[in-house]
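Student: Sequence:
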Amino acid sequence: MITLYDCATAPSPRRARILLAEKGVEYETVQVDLRNGEQLGEAYRRINPQCTVPALRTEGGSLLTDNAAITAYLEARFPQPPLLGTTPQEKAEIASWNWRIEFEGLLAIAEAMRNSAPALANRALPGPTDYPQIPELAQRGLARIEQFFAALNERLAGRDHVAADRFSIADITAVVAVDFARVVKVKPGEQHPHLQRWRATLAQRPSMSSRQ
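Residues 0 to 211, numbered by numbering that gives the first Met the number 0, are exactly what the sequence shown covers, in order.
No lab work stands behind these hints: they were computed from the structure.
One or more hints might be untrue.
Derived DSSO-like pairs: lysine-lysine, alpha-carbon spacing no greater than 30 Å straight-line [said to hold, decoys possible]:
| hint | residue 1 | residue 2 |
| --- | --- | --- |
| 1 | Lys186 | Lys22 |
| 2 | Lys90 | Lys186 |
| 3 | Lys90 | Lys22 |
Label pairs and their calculated CB-CB ranges [to be verified]:
| hint | residue 1 | residue 2 | range |
| --- | --- | --- | --- |
| 4 | Arg204 | Ala71 | 16 to 26 Å |
| 5 | Phe102 | Ser61 | 23 to 33 Å |
| 6 | Glu37 | Lys184 | 21 to 31 Å |
| 7 | Trp98 | Arg196 | 18 to 28 Å |
| 8 | Ala42 | Ala156 | 42 to 52 Å |
| 9 | Ala68 | Pro127 | 10 to 20 Å |
| 10 | Trp98 | Ala118 | 23 to 33 Å |
| 11 | Leu124 | Asn35 | 10 to 20 Å |
| 12 | Asp159 | Glu27 | 26 to 36 Å |
All C-beta atoms in this analysis are idealised placements derived from N, C-alpha and C, irrespective of residue type, glycine included.
Make a model of the complete structure from these sequences and hints.
Tutor: The structure is reproduced here in structure tokens:
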């Protein structure tokens, strides 16, 4: 049985949960309490020295400690439905947009949150090492989020999906990023009609509420 080390309130493991739901994969869940620092405790460090979630234990016992590895494994192990594309062009387009959404969206939101939240003082980056907050990075992150929302809205004009002509990992990453932005009080507005339409459509997919 596959085991997912999860945190129900965090965006990164939510990406893995949606992916598992889309693939129809059965798995066990172990909750890791990020709010109280369980990821930094010795017990979890023995499981994942990177002190991050998600982590996924495969049927064969290997531990995958990031969404890139989890996605690659699940796509290869459970190829239907294909979420990384089927043709060379699709694969390239989906990979490109997924990377952009991670860099321009998720990292910008994390930058804004982790450099401003009082609860994350000295925890500006995830992982085993402490880093001080830099308030200027929080302001830059907010500006980057606005640019990300504008770019994603433009991309979705006349489109049902972020990349290629099918639901893909890029849509999963994007929906998690858009929803995650609420932690810094940013959400799509009337200036983002295409983004709002796309988000409303995705809400109808069962995976969006599976174990959320």
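Student: Take the hints in turn and mark each one as holding or not.
Tutor: Hints, one by one, checked against the model:
A C-alpha spacing of about 28 Å is found between Lys186 and Lys22, which places the hinted pair at or below 30 Å, so the restraint holds. Only pairs whose Cα atoms come within 30 Å are accepted, and Lys90 paired with Lys186 is accepted, the gap being roughly 29 Å. With a CA separation close to 18 Å, the supplied pair Lys90 and Lys22 stays within the 30 Å bound. The supplied range of 16 to 26 Å is met by Arg204 and Ala71, whose beta-carbon atoms lie about 22 Å from each other.
Judged by the Cβ atoms, the range 23 to 33 Å given for Phe102 and Ser61 holds: they are separated by roughly 27 Å. A hinted range of 21 to 31 Å holds for the C-beta pair Glu37 and Lys184, which are about 27 Å apart. At about 24 Å, the CB distance of Trp98 to Arg196 agrees with the hint of 18 to 28 Å. For the pair Ala42 and Ala156, the supplied restraint of 42 to 52 Å holds, since their beta-carbon distance comes to about 48 Å.
Range check, Ala68 to Pro127: Cβ separation about 18 Å, and the 10 to 20 Å hint holds. The supplied range of 23 to 33 Å is met by Trp98 and Ala118, whose beta-carbon atoms lie about 29 Å from each other. Here the CB-CB span from Leu124 to Asn35 is close to 19 Å, well matched to the stated 10 to 20 Å. Taken as a hint, the range 26 to 36 Å holds for the pair Asp159 and Glu27, whose Cβ atoms sit roughly 33 Å apart.
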